[in-house]
Amino acid sequence: MSREMQIALDSIWPILKAGLIVTIPLSLIAFAIALVVAVITALARISNYKILRAIFGIYVWIFRGTPVLVQLFIVFFGFPKAGITLDAWTAAIITFSLNTGAYASESIRASILAIPKGQWEAAESLGMTYWQVLRRVIAPQTIRISLPSVTNDFIDLVKGTSLVASITLADMFMVGQQITARTYEPLLIYSLCAVIYLIFISVLMYLQGRLEKYASKYV
Amino acid sequence: MLHIVKFQQVTKYFGQQEALKNIDLTFHKGETTVILGPSGSGKSTLLRCINLLEKPEKGTISVGDIKIDLSKPVSKKDTLAIRQRTAMVFQSFNLFPHMKVLENVIEGRLTVLKETRIDAVEKGQLLLEKVGLSQKIDSYPAQLSGGQQQRVAIARALAMEPQFLLFDEPTSALDPELEGEVLKVLKDLSEEEKSMIIVTHNLNFAREVADRILFLEHGEIVFDGATAQFFEKNDNARIQSFIQSMQFI
Ligand SMILES: Nc1ncnc2c1ncn2[C@@H]1O[C@H](COP(=O)(O)OP(=O)(O)OP(=O)(O)O)[C@@H](O)[C@H]1O
Ligand SMILES: [Mg+2]
Numbered sequence: 007m008s009r010e011m012q013i014a015l016d017s018i019w020p021i022l023k024a025g026l027i028v029t030i031p032l033s034l035i036a037f038a039i040a041l042v043v044a045v046i047t048a049l050a051r052i053s054n055y056k057i058l059r060a061i062f063g064i065y066v067w068i069f070r071g072t073p074v075l076v077q078l079f080i081v082f083f084g085f086p087k088a089g090i091t092l093d094a095w096t097a098a099i100i101t102f103s104l105n106t107g108a109y110a111s112e113s114i115r116a117s118i119l120a121i122p123k124g125q126w127e128a129a130e131s132l133g134m135t136y137w138q139v140l141r142r143v144i145a146p147q148t149i150r151i152s153l154p155s156v157t158n159d160f161i162d163l164v165k166g167t168s169l170v171a172s173i174t175l176a177d178m179f180m181v182g183q184q185i186t187a188r189t190y191e192p193l194l195i196y197s198l199c200a201v202i203y204l205i206f207i208s209v210l211m212y213l214q215g216r217l218e219k220y221a222s223k224y225v
Numbered sequence: 105m106l107h108i109v110k111f112q113q114v115t116k117y118f119g120q121q122e123a124l125k126n127i128d129l130t131f132h133k134g135e136t137t138v139i140l141g142p143s144g145s146g147k148s149t150l151l152r153c154i155n156l157l158e159k160p161e162k163g164t165i166s167v168g169d170i171k172i173d174l175s176k177p178v179s180k181k182d183t184l185a186i187r188q189r190t191a192m193v194f195q196s197f198n199l200f201p202h203m204k205v206l207e208n209v210i211e212g213r214l215t216v217l218k219e220t221r222i223d224a225v226e227k228g229q230l231l232l233e234k235v236g237l238s239q240k241i242d243s244y245p246a247q248l249s250g251g252q253q254q255r256v257a258i259a260r261a262l263a264m265e266p267q268f269l270l271f272d273e274p275t276s277a278l279d280p281e282l283e284g285e286v287l288k289v290l291k292d293l294s295e296e297e298k299s300m301i302i303v304t305h306n307l308n309f310a311r312e313v314a315d316r317i318l319f320l321e322h323g324e325i326v327f328d329g330a331t332a333q334f335f336e337k338n339d340n341a342r343i344q345s346f347i348q349s350m351q352f353i
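First to last, the protein sequences are chains A and B.
Under the numbering used here, think of the first position of the first sequence as 7, with each following residue one higher.
Under the numbering used here, think of the first position of the second sequence as 105, with each following residue one higher.
In isolation and in its complexed conformation, chain B is listed as follows (with noise of 0.2 Å):
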């Protein structure tokens, strides 16, 4: 099956505001891109295209062998089918409260891929068990720590065995001791060779797991290629102040 995310010419407006200006861009399979760019930079906009949770109005999006083209209507059956091929896990972790961990692991599993209910808790026991939570099984969101909270919702996205996974700035609404549970998760799946998609603020965490860099800037990208000429062999003065003030935070 196609395995690919691909934009073209994609231009997204929030009122007169051009959030993303023309992108032209494709995502490979097994490869680990990290967005970085300002705030305001449209980021977040740019990875919410992806799994239409923002409607973009010209250009195409692809997702595996889905192709929409954005100047029309977007059907429903094209959106869910954009949805089920990407997982996304957000800063707030947008756990679902009144499930306990367990449930919210496999709540895709049931309702949207119809699993029977044994599979489900099967592969859900799994994947709590790869993020370090097997322990939390019948516990609630509200019973866990933030970094406990996202691994869980990590957990969410791989059940769904998605092509892609999408992450918005994953850490940010962690503490530093949090944070590292966290990437370590993220650092594995990137291992294994998982397609990943991620925003972040975090420049050693980008340097460590990144395959490729995208640097945005006011909608466009200004930056697209290794990590390491992203880091070394930089010598666009927008880029370098930008790694400077951030290494201070």
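With the rest of the complex left out, here is chain A (with noise of 0.2 Å):
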């Protein structure tokens, strides 16, 4: 066996298995709580109150207008500074759970404002509270709508874990970066990671896929 392919053998398991401990883990925390930021921050911009539409207006303008890798030195480098000092798993989920509901807001709001007028009109005219529209008419056509988008911002946010490895977060990225000082092998190792950032994205392209078809049994 040549010596490339024994380095990339023996790579293949500790880059797995950061992704296995780091990546997907960090993802999908991340993910959960920019779920539930994205669905409060999008009503709270459509709805009729002005403070609150501006106070999360403000909160995306500044996720979504500034470089995520700048987000997480300031959390992790800079928040030390003003007293609160915080583990690298703490500042990844943080700022990363706000940069993604951020992005994610923007997907659910413009597809609640896609769905035609009429939608709220009918419901409201049968006698329902707005929280009921919003519930049994608005969020069902929702999901449908944003599933593309919000994949999109999952699959971002997968990618963008990658920085954590510039906060001392042992990431898949970061595992090839220790190997390839080692090695000396930019070009496979690189290469590796990458196959495997494809492979973890490509399932979730999938689940798209099938969730979008579930989705829109109805069209």
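Bear in mind the hints are in silico, worked out from the structure with no lab data behind them.
On a predicted model such as this, the values are computed, not experimentally measured, just so you know.
Worth double-checking, as some hints may not be accurate.
[As the list claims (entries may be wrong)] Residues from chain B that keep clear of chain A, each with C-beta distances beyond 12 Å, as calculated:
| id | residue |
| --- | --- |
| 1 | T115 |
| 2 | Q121 |
| 3 | D128 |
| 4 | T130 |
| 5 | T164 |
| 6 | T183 |
| 7 | T190 |
| 8 | S238 |
| 9 | H305 |
[Unchecked claim] Keeping only pairs whose Cα atoms sit at most 25 Å apart, straight-line, the calculated DSS-like set for lysine-lysine is:
| id | chain 1 | residue 1 | chain 2 | residue 2 |
| --- | --- | --- | --- | --- |
| 10 | A | K223 | B | K133 |
| 11 | A | K123 | A | K56 |
| 12 | B | K227 | B | K133 |
| 13 | B | K133 | B | K171 |
| 14 | B | K234 | B | K133 |
| 15 | B | K288 | B | K204 |
| 16 | B | K181 | A | K56 |
| 17 | B | K159 | A | K56 |
| 18 | B | K204 | B | K181 |
| 19 | B | K204 | A | K219 |
| 20 | A | K56 | B | K125 |
| 21 | B | K159 | A | K123 |
| 22 | B | K180 | A | K56 |
| 23 | A | K123 | B | K234 |
| 24 | B | K234 | B | K288 |
| 25 | A | K23 | A | K165 |
| 26 | B | K181 | A | K123 |
| 27 | B | K204 | A | K123 |
| 28 | B | K181 | B | K162 |
Heads up, the beta-carbon is just placed ideally off N, CA and C, and yes, glycines get one too.
Since each chain sits alone in its own frame, please combine them into the complex, following the hints.
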């Protein structure tokens, strides 16, 4: 077996393992929180309350308008200066859930706005309250419409977690860097990282397809 | 229970524009009223003020036992109460696309009236039979023709057992072949003495079903009277030319 082959084989498991204990859990946790944040933000931004709209509008503006790496550095390296010291995991979860939450809230808000006004009017004229309309009529349609864009936000998040290497979290990319430093095989190792990301994300894309099919059964 | 819709000096603005000008009007139980008038005259606005999809700036509106002073903010409770006493059928059907036909019809009974599923389903099946769609109970709206969709929408409105049924151009989005099946349902309802207020451009239909005609122009009521009087003994030149222009459509 050639030397490259041996290095590649030896590297698969350490990189994959980093994916399983850092990249995937971090992505899932951050995405779950981001979804909650996104729904609350989208609802606030379509509400009739000016102050609510303004507050959440500023949040979205800041997180969409600045690089996530900078956000990550502010939370992990900057906050201790203000007396808030967070471990790398906590800093990563906070940053990524707020960042993805901002993007996903825009996906959800746009989907809600894409639903014809007649749907609201029909539901309201039955005598439904605002929350009943949202829950029974708007939410199910929003899920279908927003699925592709929210999945995109999720995919961006998974790839974006590679930035946690720079705040000391040993994710796939960090492990790849460490192996490269030892073996001097950047092309081989980073390509291996890329392939593993691609596999993870392909699974997501497959799930998206299945979900879309399920959610669109009535169209 | 009081069964009436009453407008007193109702004025509705869109920005600077007065869409309804100081309207005084009463709709009675068991009557079919057809609202006619040129485009932009305020027909839809008048109808949508009844169930507060539009909120006028001035006057009072009564629906059944609920009376609303429009110069003050309207409470949610009163708004919901009015909407439970009325039901609306729209030009564009507005069925809930993610619910099957039966679910569309019983949605209000389940969510608003909190009826048990068994009772609501029974009611829904009867209504779908009434509009001739028993076969389509398990279809999604997208699988139906426009005429069928509108009949489902009518069943959905009837399911709430409203005091007043409001129709805003219920057949304008339909091809002529499909229009008939919806008009037939409306005619049956009219014969059952349901209280209906219908906006339409179909003069023949108005003539056939209306007990009373309202003619609107520029947000004002120009004519309010019996159907025969509107079509036959009318000396208003505007109305005569309106009738003539509509007959060519
Ligand atoms: N949401 C709105 N915003 C601004 N102006 C409106 C709005 N709805 C209606 N109007 C205006 O109010 C007036 C009355 O409109 P309305 O829709 O009630 O007319 P209509 O008699 O139903 O006409 P059509 O036969 O075309 O349906 C029109 O001049 C219209 O432009
Ligand atoms: Mg209209």
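Taking the hints in turn, this is what the structure says about them:
no. : hint            : result
1   : T115            : holds (22 Å)
2   : Q121            : holds (20 Å)
3   : D128            : holds (24 Å)
4   : T130            : holds (21 Å)
5   : T164            : holds (20 Å)
6   : T183            : violated (9 Å)
7   : T190            : violated (7 Å)
8   : S238            : holds (20 Å)
9   : H305            : holds (19 Å)
10  : A:K223 x B:K133 : violated (42 Å)
11  : A:K123 x A:K56  : holds (21 Å)
12  : B:K227 x B:K133 : holds (23 Å)
13  : B:K133 x B:K171 : holds (17 Å)
14  : B:K234 x B:K133 : holds (22 Å)
15  : B:K288 x B:K204 : holds (24 Å)
16  : B:K181 x A:K56  : holds (23 Å)
17  : B:K159 x A:K56  : holds (20 Å)
18  : B:K204 x B:K181 : violated (30 Å)
19  : B:K204 x A:K219 : holds (17 Å)
20  : A:K56 x B:K125  : violated (31 Å)
21  : B:K159 x A:K123 : holds (16 Å)
22  : B:K180 x A:K56  : holds (19 Å)
23  : A:K123 x B:K234 : violated (29 Å)
24  : B:K234 x B:K288 : holds (11 Å)
25  : A:K23 x A:K165  : holds (16 Å)
26  : B:K181 x A:K123 : holds (22 Å)
27  : B:K204 x A:K123 : holds (20 Å)
28  : B:K181 x B:K162 : holds (20 Å)
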